[in-house]
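Chemist: Sequence:
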Amino acid sequence: MQQIADHVGVSKFAVSKALSGKTGVSAETREKIIQSATQLGYFAQKKAKSPSRSARDAAPDRKDTIVVLIPNVRYQNRESHYWGKILDGIAAGAEENRLGMVIVTEQSSDSLSKLINPEGLIGLIGVGMISNQLLLEVRNWGVPFVLVDHEDPLIPSDTLFMNNYECTRRIVNYLAGMGHTRFQFVGNVRFSRSFYDRWMGFRAMLEDLALEHRQNQELLEIEGYNRSELTEQLQVIVERMQERHELPTSFVCANDSVAICLMTVLSRLGLDIPAAVSVTGFDNIDDALMSRPPLSTVNVDKEAMGYRSVEMLMWRVRHPDGPKERLLLSGDFILRESTGVPALP
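Quick note: the sequence shown uses this note's numbering, first residue 41, plus one each step.
Please keep in mind that the hints were generated in silico from the structure rather than gathered at the bench.
Even for Gly, the Cβ is constructed at its ideal location relative to N, Cα and C.
Treat each hint with caution, since some may be false.
[To be verified] Computed beta-carbon distance windows for the label pairs:
{"id": "1", "residue 1": "D128", "residue 2": "L251", "range": "37 to 47 angstroms"}
{"id": "2", "residue 1": "N266", "residue 2": "M41", "range": "21 to 31 angstroms"}
{"id": "3", "residue 1": "N157", "residue 2": "K52", "range": "27 to 37 angstroms"}
[Stated by the list, open to error] Here are the simulated PhoX-like cross-link-like pairs (lysine-lysine), alpha carbons at most 25 angstroms apart as the crow flies:
{"id": "4", "residue 1": "K57", "residue 2": "K72"}
{"id": "5", "residue 1": "K52", "residue 2": "K72"}
{"id": "6", "residue 1": "K364", "residue 2": "K72"}
When you get a sec, could you build the whole thing from the sequences and use the hints?
Modeler: So, in structure tokens, the structure goes:
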């Protein structure tokens with residue numbers, strides 16, 4: 041810790057608090073400390089605990105326990121069309137492996153330490169965006185953990201994602217094959233790693249196809265906890281684009297909810313979908329099929345993501361010293377009525 045403190049220029053006490061996941065240091069200082077700890081090999085030294093002999097030799101009817109950590113935020117909970125089904129998949133995997141499952145939505149690491157006894161856990165699965173401070177707390181427990189749809193560049197872990205990059209490349213390639221030449225990506229690329237990977241796949245395919253692209257930066261910065269807020273923001277942006285004659289022939293959206301909000305705005309402005317403009321989503325939530333018109337999207341097998349995360353966790357329990365893994369699941373592009381041949385210029 042003294043070496044890290046010297047490297048960052050802070051006290052050893054500050055390093056101790058930051059690496060234990062406790063409060064008392066600023067977010068900026070904590071990030072510098074973690075960055076330095078990573079560079080100096082700190083995280084390579086602490087390994088996940090192997091299951092004890094008593095656990096391995098336990099009676100067949102004994103159930104171990106896994107914790108499923110999901111931040112308690114409005115767009116990320118068990119009632120969500122997306123996250124809820126991932127939790128259903130985790131529950132199925134836990135049942136098959138005869139594991140007990142506890143869902144924790146607490147965001148405070150101090151409270152988390154009071155809620156959970158690490159000695160009674162076989163491991164932890166984190167679902168969605170989890171703060172750096174909470175991941176530090178979990179990492180310091182010394183139990184195996186897997187992250188679903190999220191990763192922290194400073195805290196190594198096993199991770200599981202959809203192949204967001206390649207799936208979005210496939211969408212753009214298909215639309216270009218239909219004759220689309222003017223594209224816009226819609227979604228806050230800082231919202232999650234998945235959104236960012238979809239944005240990178242979008243850009244990469246446009247470059248491969250040598251299609252000129254001028255992205256509206258505002259469409260990459262939209263924020264909102266619900267569809268009403270997103271629709272309100274998109275209304276202002278799209279109206280301005282229409283006035284400037286800057287509308288694309290196709291909008292590629294970061295997920296289905298964003299796409300549904302966008303189609304609401306386009307309909308209000310009298311723009312026919314897909315005759316005037318095509319729209320695609322991602323995730324294939326139930327509302328995608330019920331939207332008007334039905335939304336072309338990428339099917340994400342959300343239950344499979346949850347189920348596979350349990351398999352990854354159990355593999356890590358059996359191989360605590362193995363290299364960290366990043367598993368990518370493929371998805372299918374589902375064509376519906378929101379995409380079509382672009383109108384003649």
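Chemist: For each hint, tell me whether it holds in the structure or not.
Modeler: Going down the list of hints, with the structure as the test:
Distance hint check: the CB atoms of D128 and L251 are about 39 angstroms apart, consistent with the given range 37 to 47 angstroms. At roughly 43 angstroms, the beta carbons of N266 and M41 sit outside the given window of 21 to 31 angstroms. Distance hint check: the CB atoms of N157 and K52 are about 28 angstroms apart, consistent with the given range 27 to 37 angstroms. The hinted pair formed by K57 and K72 meets the criterion: a straight-line CA distance of about 13 angstroms does not exceed 25 angstroms.
The hinted pair formed by K52 and K72 meets the criterion: a straight-line CA distance of about 13 angstroms does not exceed 25 angstroms. A C-alpha spacing of about 23 angstroms is found between K364 and K72, which places the hinted pair at or below 25 angstroms, so the restraint holds.
Figure legend: structure checked against the earlier numbered hints; the only hint not met is number 2.
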